Amino acid sequence: MSIEHDFFGLLDGDDGELHWSEGVDAGDQYVDVDLRAPSEQSVTDEALDVAAAMVNSLEQLDSRAREAFVAEIGQEGSNAMLYLTSQFAELDPEILAESLDYDSGDRDIDVLRSLKLLRVGFHPHHSGSEEQFAVFEYALAPDESDSILSASFDMQGDVVSTDVDA
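Basically our numbering = 1-based index in the sequence shown + 111.
Incorrect hints may appear among the rest.
Claimed, not checked - In silico SDA-like cross-links for lysine to any residue, where the CA-CA straight-line distance does not exceed 20 Å:
hint, residue 1, residue 2
1, 227, 258
2, 227, 152
3, 227, 201
4, 227, 119
5, 227, 125
6, 227, 150
7, 227, 190
8, 227, 187
9, 227, 209
10, 227, 160
11, 227, 156
12, 227, 252
13, 227, 117
14, 227, 161
15, 227, 141
16, 227, 208
17, 227, 184
18, 227, 267
19, 227, 276
20, 227, 149
21, 227, 197
22, 227, 127
23, 227, 259
24, 227, 151
25, 227, 158
Since the hints were derived computationally from the structure, they do not count as laboratory data. The model shown is predicted, which means the values in this text are computed figures rather than measured ones.
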């Protein structure tokens, strides 16, 4: 099965799953973007149109994700704090210093502002409120650590959750 879309082109897969992927420039970052859905029947034209609009708005959504991470600073047990703690423990101080693009004097803020946006995954079959329609995955030093901090957006472009895979 397959779907034709103006932005994504022909969406199809060998196993019936719909799939699209491409590298996209988002500001000064090159980001891997993909879209997956279990079947043609699980996806609406509206959801694909929203995903296309989000691909064209990666920089704005990236800013919202980073704002969500910053809002978690100081909240013990929050995903942003768990990520920061793991990076401070895992990374050599020299690697940590080399990975920071900012030096405001607030190490937590500097780390969150210096995160690299690695991948954005779209799930157009998750079109309900509070569902993970898009997931933005970040890392501070991707060549040195497998830890990922992610922000999930609903179809309206609101951050609905953050997660850490440390």
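- If you check each hint against the structure, which ones fail? Numbers 2, 4, 5, 6, 8, 10, 11, 13, 14, 18, 20, 22, 24, 25, in rising order.
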